[in-house]
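A.B. asks: Just so you know, the sequences run in chain order S and V.
One point on numbering: in our numbering, the residue at position 49 of the first sequence is 49, and numbering is uninterrupted.
One point on numbering: in our numbering, the residue at position 143 of the second sequence is 143, and numbering is uninterrupted.
For the record, the hints were derived by calculation from the structure and aren't laboratory data.
Note that the structure is a prediction, hence the values are computed from the model and not measured.
Hints are supplied without guarantee of correctness; some may be wrong.
With a straight-line cut-off of 25 Å between C-alpha atoms, the simulated BS3-like cross-links for lysine-lysine are [said to hold, decoys possible]:
id	chain 1	residue 1	chain 2	residue 2
1	V	LYS100	V	LYS86
2	S	LYS145	S	LYS121
3	S	LYS100	V	LYS86
4	V	LYS74	S	LYS160
5	S	LYS66	V	LYS74
6	V	LYS74	S	LYS100
7	S	LYS160	S	LYS145
8	V	LYS58	S	LYS145
9	V	LYS93	V	LYS74
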Amino acid sequence: MKVRFFAVFMALAAVPAAAQTPAPQTPATPAGAAQAPAAAQSAAVPATRPFTADAGIMFSVIKPDKVADFEMVMGRVKDGLAKSTDPQRKQQALSWRVFKGVEAGPGGNIVYIWLVDPPVKDADYTVTAILTEAFPNEAQDLWAKYTACFVSGQTMLNLKLTTNMSPTAGTPK
Amino acid sequence: MRSFVTSVFVLAAVLAPAASFAQATAQPPAGQQPPAGQQPPAGQPPAAAQPAAPAAPKVPFDTPAGMLLVQIKKDKTADFEEMMGKLKAGLAKTTDETLKKQGEGLKVFKTTEATGPNTIYVVYINPAVPNSEYELFNMLLRTMTPEEQRAEGAQEMWKRYADAFAAGLNKLSLVPLGGA
Numbered sequence: 001m002k003v004r005f006f007a008v009f010m011a012l013a014a015v016p017a018a019a020q021t022p023a024p025q026t027p028a029t030p031a032g033a034a035q036a037p038a039a040a041q042s043a044a045v046p047a048t049r050p051f052t053a054d055a056g057i058m059f060s061v062i063k064p065d066k067v068a069d070f071e072m073v074m075g076r077v078k079d080g081l082a083k084s085t086d087p088q089r090k091q092q093a094l095s096w097r098v099f100k101g102v103e104a105g106p107g108g109n110i111v112y113i114w115l116v117d118p119p120v121k122d123a124d125y126t127v128t129a130i131l132t133e134a135f136p137n138e139a140q141d142l143w144a145k146y147t148a149c150f151v152s153g154q155t156m157l158n159l160k161l162t163t164n165m166s167p168t169a170g171t172p173k
Numbered sequence: 001m002r003s004f005v006t007s008v009f010v011l012a013a014v015l016a017p018a019a020s021f022a023q024a025t026a027q028p029p030a031g032q033q034p035p036a037g038q039q040p041p042a043g044q045p046p047a048a049a050q051p052a053a054p055a056a057p058k059v060p061f062d063t064p065a066g067m068l069l070v071q072i073k074k075d076k077t078a079d080f081e082e083m084m085g086k087l088k089a090g091l092a093k094t095t096d097e098t099l100k101k102q103g104e105g106l107k108v109f110k111t112t113e114a115t116g117p118n119t120i121y122v123v124y125i126n127p128a129v130p131n132s133e134y135e136l137f138n139m140l141l142r143t144m145t146p147e148e149q150r151a152e153g154a155q156e157m158w159k160r161y162a163d164a165f166a167a168g169l170n171k172l173s174l175v176p177l178g179g180a
């Protein structure tokens with residue numbers, strides 16, 4: 001009853017558009033930063049990226065030679081959440097974990113996973129928004145590095161808890 | 001700043017070959033073969049003759065955390081959730097310390113988005129217990145007493161649970177970056 005990883009991602013391919021997210025979005029242009037071309041500004045306008053269920057997961061496929069850049073940007077996101085004075089941002093940091101998949105894909109591509117458990121209600125998990133808030137002068141460069149990391153877009157899934165096996169956990173609602 | 005929107009299909013294609021070594025099995029206990037519609041794919045061996053307490057785990061995690069992506073037939077989600085409920089009940093009463101530790105870090109989630117012909121469940125394991133078996137049928141079997149395993153209806157139960165799976169487990173071994 002073995003199957004390939006492919007099967008799951010083929011199944012994910014049928015996820016409706018709402019679950020398919022553009023990977024990195026254009027950050028708000030920091031004050032003093034060079035203006036992006038008009039055409040680019042109209043593309044990939046960041047929508048908010050909230051998780052709306054008991055938990056959320058995001059899959060990102062990263063080029064093997066960009067792993068360090070991706071992890072650096074994730075580190076800056078962590079720094080940004082930590083330095084934020086917004087209580088919602090601080091709350092987000094408490095339940096947002098980033099994992100690196102050990103099993104490499106074709107060409108050595110690496111799968112990273114965000115696991116948000118539980119999500120902060122109505123909070124925006126858009127990376128560029130967090131970076132722009134925290135590091136307005138760096139956001140543009142960080143965004144450029146971030147976008148260059150991706151083999152493809154990200155896959156976002158909302159998750160409903162059905163069973164928590166811990167004996168101390170109650171029955172999910 | 002080019003548009004970066006891509007479809008999940010692209011992601012699927014990119015990951016396609018990733019998994020030959022990320023495969024895992026989902027097999028009912030020996031002697032409790034799945035029905036005809038749930039036989040192993042051609043070219044793959046049938047369930048082992050004696051699954052209990054294998055020498056090496058079929059689905060181990062040697063990383064701090066792990067994840068199993070499980071495809072369940074849309075009309076069989078109740079059976080899978082019943083199986084997980086039975087596993088939870090079994091873990092609550094087991095005296096096997098390893099199983100107890102495994103249960104403490106194991107959550108089962110159902111995707112809320114439509115995911116094609118099957119429903120995808122995410123089994124999230126954190127922390128993972130090293131060198132332990134996370135094959136779900138095996139875990140459930142180990143929580144059952146010999147009497148429960150021989151009980152009337154047990155064979156039908158295994159068949160029903162096996163029939164819920166549209167495919168085997170897909171395993172991801174995960175190393176935390178420290179959180180964002």
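A.B. asks: Next, verify each hint and record whether it holds.
C.D. replies: The hints, checked one at a time:
| no. | hint | in the structure |
| --- | --- | --- |
| 1 | V:LYS100 x V:LYS86 | holds (14 Å) |
| 2 | S:LYS145 x S:LYS121 | violated (29 Å) |
| 3 | S:LYS100 x V:LYS86 | violated (31 Å) |
| 4 | V:LYS74 x S:LYS160 | holds (16 Å) |
| 5 | S:LYS66 x V:LYS74 | violated (38 Å) |
| 6 | V:LYS74 x S:LYS100 | violated (30 Å) |
| 7 | S:LYS160 x S:LYS145 | violated (33 Å) |
| 8 | V:LYS58 x S:LYS145 | violated (39 Å) |
| 9 | V:LYS93 x V:LYS74 | violated (30 Å) |
When the structure is compared with the earlier hints, violations turn up for hints 2, 3, 5, 6, 7, 8 and 9 and for no others.
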